[in-house]
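*Asks:* Chain residues, written in single-letter form:
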Amino acid sequence: MTDFRISRRQFATGAAAGGAAAALGLKPAEAQNFGGAELIEAAKKEGKLIYYTANFTEVEQETIRAFNKRFPFVRIELVRAPGGQLITRVRTEAAAGKLTADVIDHSDRALMQPLEDLFQDYAPPNAAAYREDVLISKKLWPRITVGWAIAYNAELVKNPPKSWMDLTKPEYGPKLIGQVIAPSGGTTWTRVMFERQVLGEDYHKKQAATQPVLYPSGAPLSDALVRGEVSIAPLLYNICYVKKRDGAPVEIFFPPEGVPVNFFASGVTKTAANPNAGRLWLNWCMSDEGQAFMIKEQGNLTALKTPPVYPPGWDPKAVKVWAPDFQQYVALQKQWIEEWNKTYGYRQ
Amino acid sequence: MATFDSAAFAEHGAAWATTRDTGERAARLRAAGRWLWSAGLMLILAFLVLYPVAMLLLGALTNTNPVVDGFGVFDLSPANFVTVLSNPNVHLALANSLIACGGGTALAVLIGLTFSWVVVRTDTPCKRFIAAASLIPLFVPPLVAAVAWAILASPKTGLLNSVLAGIGFNWRLNVYSMAGLIAIFGIYYAPYVYMFTAAALRNMDPALEEAAEISGASAFKTLITVTFPLIAPAIISGMLLSFIVMLGIYGIPAVLGTPGDVPVLTTYIFKLTAWTPPLYSTAAAVALILMVVTGLLVWLQQIVVSRRSYTTVAGKAFRPAVLRLGRWRYFTLGLAVAYLLIVVVLPTLALIVAAFRKFMFIRNLQSLFDTRQYSLIHFERLFDNPLVLRSIVNTMEVGLITALVGGVLAFAIGYTVNRTRLSGRRTIDVISTLPVAIPGLVVGVAYLWAWIGLPGGLYGTIWILALAFIARFMPDTVKALSTSLMQIHRELEEAAWICGRGLLATIRTVVLPLVRPGVIAAMTLLFILAIRELGSSLFLYTSNTMVMAVLLLDYYEGGNIGITAAFSLVQTVLLAVLIGLAHWLSRGGTNSGVGQAG
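Protein chains in written order, with the numbering used here: chain A, 1 to 348; chain B, 1 to 598.
These are computed hints drawn from the structure, not numbers from a lab. Be careful, since some hints might not be right.
[What the hints assert, rightly or not] Distance condition first, Cα-Cα at most 20 angstroms in a straight line; then the derived EDC-like pairs of lysine to aspartate or glutamate:
no. : chain 1 : residue 1 : chain 2 : residue 2
1   : A       : K69       : B       : D384
2   : A       : K305      : A       : D133
3   : A       : K244      : A       : E62
4   : B       : K156      : A       : E171
5   : A       : K244      : B       : E380
6   : B       : K358      : A       : E155
7   : B       : K358      : A       : D246
8   : B       : K156      : A       : E155
9   : B       : K358      : B       : E380
10  : B       : K358      : A       : E297
11  : B       : K358      : A       : E251
12  : A       : K175      : B       : E380
13  : A       : K342      : B       : D384
14  : A       : K320      : A       : D246
15  : B       : K358      : A       : D133
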């Protein structure tokens with residue numbers, strides 16, 4: 001277990017960078033390092049790339065639009081599938097020699113690591129600016145970083161919870177809280193680890209006693225929260241942020257005990273037909289400009305040592321970032337998820 | 001006494017021998033042709049059905065991916081079946097599936113049969129309108145129907161419950177329950193029963209009904225003891241098809257069953273494929289159990305149907321009798337209007353509200369009419385995505401290919417099974433029925449495993465999707481056509497043969513014109529099913545071949561009910577236009593009240 005508290009120095013640097021971030025979009029391409037003129041020219045010749053992701057289509061389309069403002073000559077063709085299904089597709093296509101993806105992006109690093117051999121050597125120009133401790137391979141990079149928060153429907157909840165521990169209080173039950181099931185994927189598994197390792201071994205038992213409503217994934221839960229089907233829910237900040245940004249009656253906060261974060265893994269495949277376009281896409285996503293866009297517009301976090309900007313509501317002096325130990329992330333998953341299922345009465 | 005002319009005899013004998021040789025050669029050729037025809041059909045079915053099912057079985061008996069791990073390293077074991085069969089959660093899901101689909105089927109039969117009778121055999125006003133309304137639910141993807149009803153009748157936030165609260169009622173609708181599942185299944189799958197029974201009622205010789213009435217039987221008694229028994233194969237086929245289709249539906253139980261904690265087999269299978277890591281082999285084992293259950297039902301249906309003759313379309317012209325209902329015709333019209341309200345108007349209104357409203361939080365009844373809450377933002381975002389237009393074009397393309405190629409293949413199979421005595425026709429029937437039992441989510445993986453390695457670049461094209469849909473919906477199409485084929489009396493074909501027509505000419509000039517409404521209905525059904533199909537598309541689409549159903553799921557999974565509803569409305573309108581076009585093309589046949597042979 002690793003506790004990554006943001007230092008004052010980091011905060012100061014981040015704040016300064018945050019102030020400059022608004023100007024980032026105005027910088028010409030040459031002023032930032034996206035891989036050099038040669039790469040840009042080669043990507044222009046390729047003209048397109050095929051991109052596999054487990055992230056949501058709508059979110060990815062926003063990112064692609066921002067990338068195309070900078071590099072309009074690269075057309076990105078998207079294939080989106082839920083985590084488990086994406087891995088099955090990638091493995092099967094690769095085995096049949098028909099892997100069409102140039103870039104693959106996945107939310108579960110534990111599922112991606114065994115596929116390392118499918119990827120070519122790749123590192124973004126600003127590789128040194130990234131935290132080494134979150135890298136599981138030199139070929140796979142944390143293009144996206146997401147963090148957990150607590151959200152509530154402001155129209156329905158007059159006395160909102162203020163911490164993770166508050167979610168165990170009987171006053172928030174029965175069926176007022178929505179929970180994403182533990183086996184839904186890497187991001188939820190990260191939160192489950194955090195709850196057990198940081199909030200206590202008995203946290204799940206106490207929380208389950210409030211009789212939460214279980215949802216298969218975060219997106220339908222966020223919709224249920226907006227509609228008022230449930231009133232409170234632990235959710236990824238980026239899922240709720242866009243709803244709040246667009247005017248939905250939701251409030252989100254980062255609980256004081258910590259914010260479990262999950263890092264995606266992205267890489268360029270060995271068989272890529274458009275490797276230069278793939279590299280350029282990842283270079284841009286990993287750049288300060290790309291990360292700032294995803295933080296500001298989509299409510300993501302970042303694995304950059306010095307964040308170019310912070311998401312709204314993020315107080316770097318107060319928020320404690322929590323990232324799982326990757327060995328434990330892999331080793332504990334099966335047993336702890338089974339125990340979670342039993343505690344919450346989820347039938348598997 | 002005539003003298004024996006040996007030369008003439010020899011000449012005659014030679015001529016006779018030549019004729020006999022020619023006849024034998026022709027017979028041999030015909031036999032070879034018949035054999036080739038059966039073999040050809042079996043080969044096509046082996047490619048489309050047996051090979052993917054074998055991959056599925058292989059997957060269920062191992063814990064490997066046949067493409068990734070190769071074919072030589074399997075450690076065959078029944079462990080997945082043992083695990084699945086001993087899992088109480090699977091027992092619960094199976095029981096829930098049978099209850100939900102059984103209840104839903106009973107309701108679908110009640111609704112479908114009532115409306116087919118109202119439309120075809122009564123003088124209820126606005127029949128064309130009722131006929132069109134009865135089919136509308138068929139266009140609505142299950143996921144969309146469920147989302148619309150969750151908006152309407154969720155116990156906490158449902159619009160109807162807000163209305164009930166607003167007018168002071170304490171009772172609440174709860175669609176997140178077993179009763180909710182049964183009701184939604186029943187009202188949305190009634191068109192399957194309607195399509196089968198309306199065609200049968202329209203094509204039925206009314207002589208037996210007239211005889212019953214002459215004998216003093218009341219209209220109701222005639223209906224129950226003569227009319228419905230006569231169209232029993234259509235009722236059973238519609239009932240079975242709707243039951244089996246419900247059994248394979250994911251969208252409705254996912255949206256309504258999950259919050260109500262009513263797990264069914266499809267949601268269980270989906271969970272197995274979506275968990276981290278995915279458990280496809282276990283999912284394949286569950287799917288094979290589902291196949292066995294469905295296979296038993298199909299077998300039962302065949303026994304019931306084969307015991308009796310249901311030929312009602314013969315060489316005699318007739319017009320189905322129309323029952324004069326008097327004042328009761330306004331009651332039947334009222335029933336139709338109520339059905340239309342429940343199944344079309346309310347869900348469409350819910351979708352319109354969701355598609356145009358910025359957010360679906362509705363504090364009270366007044367806020368529903370607050371115009372500041374409405375905008376075009378979801379449509380703007382929808383059409384801002386280049387994938388949307390591409391998915392629409394791809395879907396239309398794949399739907400058309402599926403309907404045309406699948407329709408021809410289904411006719412070939414249906415004719416071979418129902419109208420010939422070719423060897424192997426029973427096997428062809430059984431193989432073509434197999435896919436009905438395989439849930440789409442799992443069959444998608446089976447097709448991927450089976451066809452990705454084939455030379456010729458099938459993977460990544462529209463054709464792989466079309467082939468998967470043709471295979472997956474072959475039972476639906478063949479059964480839909482078989483009902484029409486079974487009703488044609490053999491005397492019509494025999495008359496053509498006596499007049500010197502060959503088999504193909506008989507099919508072209510006699511059979512096809514007679515079953516034209518059935519063929520067009522089957523192709524339309526195939527088109528609709530192909531456009532809605534999600535499960536088998538999930539693994540076969542690529543960046544160039546994105547289809548609407550997959551994109552719709554993406555939006556739903558993305559948690560944006562507004563864009564999901566907007567896209568659903570676009571899809572519904574597109575389908576309605578296309579179906580209207582198909583109906584217009586076939587109007588001569590379907591609306592004819594004259595007996596088909598007349």
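*Asks:* None of the hints should be skipped; say for each whether it holds.
*Replies:* How the hints compare with the structure:
no. : hint             : result
1   : A:K69 to B:D384  : holds, 15 angstroms
2   : A:K305 to A:D133 : holds, 11 angstroms
3   : A:K244 to A:E62  : holds, 17 angstroms
4   : B:K156 to A:E171 : holds, 18 angstroms
5   : A:K244 to B:E380 : holds, 19 angstroms
6   : B:K358 to A:E155 : holds, 16 angstroms
7   : B:K358 to A:D246 : holds, 8 angstroms
8   : B:K156 to A:E155 : holds, 14 angstroms
9   : B:K358 to B:E380 : holds, 12 angstroms
10  : B:K358 to A:E297 : holds, 19 angstroms
11  : B:K358 to A:E251 : holds, 17 angstroms
12  : A:K175 to B:E380 : violated, 35 angstroms
13  : A:K342 to B:D384 : violated, 44 angstroms
14  : A:K320 to A:D246 : violated, 27 angstroms
15  : B:K358 to A:D133 : violated, 41 angstroms
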